[in-house]
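Just need the whole structure built from these sequences, with the hints factored in.
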Amino acid sequence: MKIGDLTELATQNLREAILRNSLTTLGIAVGVASLVAMLSLGVGLQEMISRRLERNGLFNTVLVRPQTSFNATGQIRRNRDLGTDRPNDGNRNDRNQSDSNRDPVGADIVSHPLDQASRRELAQLPHVLEVYPEFRFTGDLRFGPAGHLTQVTSLPMSASASDSLEGMQGRFFSATDAHEIILQADAAADLADSQHLQAADMIGKDLVLRYAGREPLPAASASSNRRDRASAADDALSGFSIISSRISLRVVGIVDAETVASGAGAFARSGAYVPLAVAEELGVVQGNDMGEVVRESALGSNGQHYTNLTVRVEKPGDVPAVEDSVRQMGYSPFSLLDLTRNLRRVFAILDLLLGIFGSLALAVASLGIINTLVMAILERRREIGVLKALGASDKDVRQLFFAEAGVMGLLGGVGGVVLGWGIGRLIQLGTNYYLRQQQIPAENIWTVPVWLVASAIAFSLVVSLAAGLYPATRAARLDPVEALRYE
Amino acid sequence: MEPRTEQKIEAKAESRAGAARNPAANGAAIRAEQLTRHYKMGDSVIRAVDGITLEVPAGEFLALLGASGSGKSSLLNLLAGLDHPTSGAVFVLGHELGRMTSLELSRHRNQTIGIVFQSFNLLPRMTVMENVELPLRLAEVPRAFRPPRVKEALQRVGLSERLAHRPGELSGGEQQRVAIARAMVNRPRILLADEPTGNLDSNTGEEILRLISEINRPSDGEEPTTVLIVTHERGLAERYASRIVTLADGRIDRIEQR
Numbered sequence: 000m001k002i003g004d005l006t007e008l009a010t011q012n013l014r015e016a017i018l019r020n021s022l023t024t025l026g027i028a029v030g031v032a033s034l035v036a037m038l039s040l041g042v043g044l045q046e047m048i049s050r051r052l053e054r055n056g057l058f059n060t061v062l063v064r065p066q067t068s069f070n071a072t073g074q075i076r077r078n079r080d081l082g083t084d085r086p087n088d089g090n091r092n093d094r095n096q097s098d099s100n101r102d103p104v105g106a107d108i109v110s111h112p113l114d115q116a117s118r119r120e121l122a123q124l125p126h127v128l129e130v131y132p133e134f135r136f137t138g139d140l141r142f143g144p145a146g147h148l149t150q151v152t153s154l155p156m157s158a159s160a161s162d163s164l165e166g167m168q169g170r171f172f173s174a175t176d177a178h179e180i181i182l183q184a185d186a187a188a189d190l191a192d193s194q195h196l197q198a199a200d201m202i203g204k205d206l207v208l209r210y211a212g213r214e215p216l217p218a219a220s221a222s223s224n225r226r227d228r229a230s231a232a233d234d235a236l237s238g239f240s241i242i243s244s245r246i247s248l249r250v251v252g253i254v255d256a257e258t259v260a261s262g263a264g265a266f267a268r269s270g271a272y273v274p275l276a277v278a279e280e281l282g283v284v285q286g287n288d289m290g291e292v293v294r295e296s297a298l299g300s301n302g303q304h305y306t307n308l309t310v311r312v313e314k315p316g317d318v319p320a321v322e323d324s325v326r327q328m329g330y331s332p333f334s335l336l337d338l339t340r341n342l343r344r345v346f347a348i349l350d351l352l353l354g355i356f357g358s359l360a361l362a363v364a365s366l367g368i369i370n371t372l373v374m375a376i377l378e379r380r381r382e383i384g385v386l387k388a389l390g391a392s393d394k395d396v397r398q399l400f401f402a403e404a405g406v407m408g409l410l411g412g413v414g415g416v417v418l419g420w421g422i423g424r425l426i427q428l429g430t431n432y433y434l435r436q437q438q439i440p441a442e443n444i445w446t447v448p449v450w451l452v453a454s455a456i457a458f459s460l461v462v463s464l465a466a467g468l469y470p471a472t473r474a475a476r477l478d479p480v481e482a483l484r485y486e
Numbered sequence: 000m001e002p003r004t005e006q007k008i009e010a011k012a013e014s015r016a017g018a019a020r021n022p023a024a025n026g027a028a029i030r031a032e033q034l035t036r037h038y039k040m041g042d043s044v045i046r047a048v049d050g051i052t053l054e055v056p057a058g059e060f061l062a063l064l065g066a067s068g069s070g071k072s073s074l075l076n077l078l079a080g081l082d083h084p085t086s087g088a089v090f091v092l093g094h095e096l097g098r099m100t101s102l103e104l105s106r107h108r109n110q111t112i113g114i115v116f117q118s119f120n121l122l123p124r125m126t127v128m129e130n131v132e133l134p135l136r137l138a139e140v141p142r143a144f145r146p147p148r149v150k151e152a153l154q155r156v157g158l159s160e161r162l163a164h165r166p167g168e169l170s171g172g173e174q175q176r177v178a179i180a181r182a183m184v185n186r187p188r189i190l191l192a193d194e195p196t197g198n199l200d201s202n203t204g205e206e207i208l209r210l211i212s213e214i215n216r217p218s219d220g221e222e223p224t225t226v227l228i229v230t231h232e233r234g235l236a237e238r239y240a241s242r243i244v245t246l247a248d249g250r251i252d253r254i255e256q257r
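Here the protein sequences come in this chain order: A and B.
All residue numbers for the first sequence refer to numbering that gives the first Met the number 0, where the first residue is 0 and numbers rise by one.
All residue numbers for the second sequence refer to numbering that gives the first Met the number 0, where the first residue is 0 and numbers rise by one.
None of these hints come from the bench; they were simulated from the model.
Small disclaimer: the values here were computed from a predicted structure and weren't measured.
For every residue, glycine included, the Cβ atom is placed at its ideal position computed from N, Cα and C.
Mixed in with the good hints, there may be bad ones.
Simulated coverage check for chain B against chain A, where a stretch passes if three residues somewhere in it have a Cβ under 8 Å from a Cβ of chain A [claimed, not checked]:
#1 68 to 82
#2 108 to 120
#3 143 to 156
#4 228 to 238
Below is the structure:
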């Protein structure tokens, strides 16, 4: 029989015992729905966590630090060799020799600090989106007579996607060089309180940030504090003065979170955040500056050094390659990739378990198909006999029962996906209601991807056809004489 | 365009069945040779058909008479290819059924013979049209050619007005007419009928036999169809059949030429 006739006859047969067949199909639908609901929950949770980690830059950032180790005598050694990534590989003398023109002092200290040049070099690596330093310093926020001493941290513009900023009042910085500031809620409340204002009223107000600024020594050749290392190579007496500086900034936002993560290494608490370019311009004194002065005078290099640089790559998959390149450049990379790899493994197992539980319901439903079709054979013995008497081959009869199982599977699959979607929506609504009750922002914990829809329907079809195998074969083998005699 | 395609389908069916042709059986529409069909029931063996040799020439109207359990229906099932003989052979239009594969047998039932049952055996959820169309579907006749063939078959049994009715909405006689139309829709050369009047009153039974007789010898000059009916109504058999074969205990008891 042609496929069109087969499907037509099968649907006609299914309509005959509409109640029983609908119940069987509903059984399949419930099975598929449980599978879809479970897996979409698994996928949703996985996506939620991945999304959070990615938004915080935990998946796609590499924290680059200079390779530093203390040798037995407690001296700091820094790897200056661009070609090697092992600071203690025993070839120190060779390296010093090769670097002798750049590093006349030599000695035990080998250094390859992070500076403007290395920042540019890192930015040119393939798949790198941006490279930015983090400035963290103590600042005094002055608002009228009130002051608030706190840690101030720089944020790149890409941090605007960080979920620590979720629920932020106001807005993110308008530009990386805008003289704007985002306050942490406690700091904002403290400042507002002195003027009998609410914390939220701070948005739009101007305040003054006082900080310890670097002022180059008059003896230095360059007037700017951003001096080039090479040009000052012979300046053995480099250094800077520390002077109290100030800048006026406008409050644009207030965040609740005490930490705004903007990369693999940024987890420290801060009371205020300023745009990256502004922080760079300030020329603030940072924690490592004291050491740098000593080192610079020892090494003869000069200029702005970074304690670390955050390298943001296009996608998490690019992290290993970038890490390798960073290592080859002589720096120490750090990423959370290994952590996330384990996380993905956990999710794979979770999905598998959820899938198995979901499939159990479908397995039970497939027993329903077998039952329905075996019942149908008993009821339709005579009809099978008539079909055979009229010239239906065993194959025709088998295909007819197969088609019936297939139609039930297909309808059950589609119905199940819709039902599963509905169940998922309910779980989502319920969860969000609960989260709101707990004063936690709503979260999307449930996702039905297209592949899940397609494979759930395909799976339902395959399971139904497998369930139809036995009844179809039994119907095909029916002896027509016996079948026609049956009343 | 239409007739050519139909001829092609028929030619295809003919060539498929050609594999088991026996030149010795030429001329007869049906030929049974030493046909037996034994059933085991517990320890005893029932000899439903017990060594029957019978030849039905093309175009004959043959009636199989006999008491209940005499083996009439068993013989008919063997000739229809619905059942397999314990021994012996059946040739239909020169092809030995025993040598056919299961698929060839189903084609034989679909193309070469038409079967009519006592209890009509129409599929209740299908309309008259769909019931008659069923053998065409099984023969994989293209959809476009089916309605004219169905209408033609129903016209032949005088039921062309009731296409959309379901069997339950028809009288017994009408249902049997639909069953005959269904049996004839593929234009088979042989019509087998198992007690076609058994469920009908005498008037309607008479009408049905008249119709079968008309199919056997069409007045409009169409090719005659060989008819073999099983009945226990001697009167009807005598009025319409050209030969009556009476069976008793699975054997031929008497043959009457009329």
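Evaluation of the provided hints:
Counting residues of the segment 68 to 82 of chain B whose CB falls under 8 Å from any CB of chain A gives 4; the rule of at least 3 is met. Judged by the Cβ-Cβ criterion of 8 Å, the segment 108 to 120 of chain B is covered by chain A as claimed, because 6 of its residues qualify and three suffice. Check on the segment 143 to 156 of chain B: 0 of its residues sit with their Cβ under 8 Å from a Cβ of chain A, so the three-residue criterion for coverage is violated. Under a criterion of three residues with beta carbons nearer than 8 Å to beta carbons of chain A, the stated coverage of the segment 228 to 238 of chain B fails, only 0 such residues being counted.
Checked against the numbered hints above, the structure breaks hints 3, 4 and satisfies the rest.
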